[in-house]
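Asker: Listed below, chain by chain, are the residues.
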Amino acid sequence: MSMAATAHDVSEAAPTDQVDLRREFNEVGIGEVLDQLDRELVGLKPVKTRIREIASLLLIERIRKRMNLTSDVPTLHMSFTGNPGTGKTTVALRIASILHKLGFVRRGQVVSVTRDELVGQYIGHTAPKTKEILKKAMGGVLFIDEAYYLHRPDNERDYGQEAIEILLQVMESQREDLVVILAGYGDRMDKFFASNPGFRSRIAHHIDFPDYTDDELLAIAERMLRDINYKFSPDAREAFIRYIGLRKVQPLFSNARSIRNALDRIRLRQANRLVADLDSVLTADDIISLEASDVFASRVFLKASSGA
Amino acid sequence: MRITQGCFSFLPDLTDEQISRQVQYCLEKGWAVNIEFTDDPHPRNNFWEMWGLPMFDLRDAAGVLMELTECRKVYGDRYIRLSAFDSSHGWESVRLSFIVNRPKDEPGFRLDRHEVAGRNIRYTTTPYAADRPEGRRYGGL
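Residue numbers (the numbering used here), protein chains in the order written: chain Y, 1 to 308; chain H, 1001 to 1141.
Chain H on its own, in the form it takes in the complex (with noise of 0.2 Å):
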């Protein structure tokens, strides 16, 4: 099952170009742009670990790319995502954040029901992915 997560996640992934495109766009608004990663797609999951730190201060697209490059190298079987931060007075939060690399397979969520009082439902989502330890969850060793 795909996961949907952020901007753009209905479209097609993007490619090298388009996601530059973006970035630029980030940019030229003075936000920074982050790299995170991760391999525990649950939705409620919002702390993704971080690539190096925040890039601030950088004029051009092709240094979030060269660092993109570098993360996908290391982590290209997980989910990365680029998250653009404005700092400005009163936002002081993500502005825009999408995913630029996903697993080749995505498992999907198992649901669970869980009867309660009063033949009440609750429900759980848990990836199947989750089921194997971190690091390995996608056919990583």
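Extracted from the complex, chain Y is given alone in its bound form (with noise of 0.2 Å):
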């Protein structure tokens, strides 16, 4: 308590010599922020726990430079990489919440691109596209999703350089205005890295999203459905842990992106079965539960047994 007093009066004239840590922790609110990630986030462990760990980074250079332990402004820009579907832009949302509360950017929006906007189609386009971008981004998070779009090897004249070069200038020189998450395929980054290595060295922080296990892909479909005022039956819940065996193995598979579009499909079905009897009578039981056969109707099931 009497710590907690000192570094209060403290804390009117700077320098600070003295900080309660878990004072700070709660001030700045990222406990929550940090607490929500682990909650509504199903299993992608190694990157709430990279998070957890720039989290603290932060807090202690937000507390060092309350010292006036002089460092130079944290260099805050990462790269994202993972298949699709692995929730790379929902943890950007995040992260940007986070770094928003510590005060390393000033408001806290996320701009979300891709190749389109930031490339132009004709001479002298580019550049100011890439800006007007960069301009809405300021203060907040550049979030550019299959970044590796902006180089393209097989054509040396492709503006996607132009605009290369302005974010690695902006990078640079406005580190304190501006964050950018580069995002995009593993293997495809790491060749866009090789080939841009300005890049590379101005990223602090490479984090990889693992896939979901199967039994973390049916957490999140139950999370969908829960949200969505769904739920599913014993036998379908069944069904769907069958289906989501045999739709990981075929092509196109985009992680939790296929469970929602799954989802979407199963409450489609279930909406048709509904409707074909007009004569019965409904109780709210009938309308959130998806029952076995809504799942089983899939085109995956078809392509299994026909396959073997």
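All the pointers check out, no bait thrown in.
Only pairs whose alpha carbons sit at most 27 Å apart, straight line, appear in this in silico DSS-like list of lysine-lysine: (1) Y/Lys65 x Y/Lys101; (2) H/Lys1073 x Y/Lys131; (3) H/Lys1104 x H/Lys1073; (4) Y/Lys129 x H/Lys1029; (5) Y/Lys191 x Y/Lys248; (6) Y/Lys48 x Y/Lys101; (7) Y/Lys101 x Y/Lys45; (8) Y/Lys45 x Y/Lys248; (9) H/Lys1029 x Y/Lys131; (10) Y/Lys231 x Y/Lys248; (11) Y/Lys303 x Y/Lys231; (12) Y/Lys248 x Y/Lys48; (13) Y/Lys101 x H/Lys1029; (14) Y/Lys129 x H/Lys1073; (15) Y/Lys45 x Y/Lys191.
To be clear, the hints were calculated from the coordinates, so they are not data collected in a lab.
Remember, predicted model here, so these are calculated numbers, not experimental data.
Once you've looked at the hints, go ahead and assemble the two chains, each given alone in its own frame, into the complex.
Answerer: What follows is the structure, encoded as structure tokens:
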């Protein structure tokens, strides 16, 4: 108690020489964001650990600043690599809110772009376009999805290079105004960094997003259903576990996104099943529960049985 | 003679920090900030040239300051002003405008008197700078 009081008294006059860590932690409110991250995102263990580390570093950095222990503004640019649907965009939003709470970005908005928004179609079109996006992202986070499309190795006159140069320049000179997060598939991002060494050295945190396990995918599905007031019947749950196993080995599987799409189609079939019998009287339970037959009608099972 | 146009013009020139705070105020009000420049300081010259497009959808003043720095690099010898446009219904006009850059040397205005019928006098002000062609008025080549 006395410790907290001291910290408070001294905080009026800079520099501080004593800081109550817990108080500081509670004050910035990142604990809440981190807990929310743990609670709402299934799996992603390495990502969460890494974000905790970054948050701790930034908290300490903040305290150091208060104590007048000068150090450079930490480089916060990040790269997120991982397969589609592994939660890169969601995590980027959370990172923005953590950075905002710690005061490392001033506004905390996330501007999410792809190549189309940065690169122009003719000479002289790219620079204004890229700058426009950068201006909008100032004070927040610029999230570049599928960043490797910026670089087209087969065409050396591609305008993407111009966008890259402007990005690099701003990433270096306006580090306190803007945090850039590059995202994309692991192997292609590696190639992208290999051909643009400037990016690799300007990015402090490389975070890899692992694929979800079957159990995690099921947990994600159930969470998504709970949010929209649906539930699996016990049979449907079993069926969906089989569905996940089959869907995973098929091409174009994109983790949580595929799960969401599958759920949308299952809801469609459930609605169709209910409407097919117009004479029945529905209870609330009928409306919210998805049956095994809704799951089994999926194309995924058809392919699996014809293949076997 | 120091030109006084728009807001804050009777104050000492704003520092970048102060400009940035003013711009942030505009952005928080939802106004679009524009950068304009001219080398004709006549008070009736309303239409200055625009540096790029109006900046819509910005959240932070750093974006405007970035463009202002660019503009100063090219037109640092001229007048530059920021204006904030409010697009909301009923306003649809500029709400705030202030000078952020001015030439080192401002020669001022010449007052011409024309005697007209009945010994009435008509006054005309002409900026001395405007005697030279556009682009060369403030020492630029």
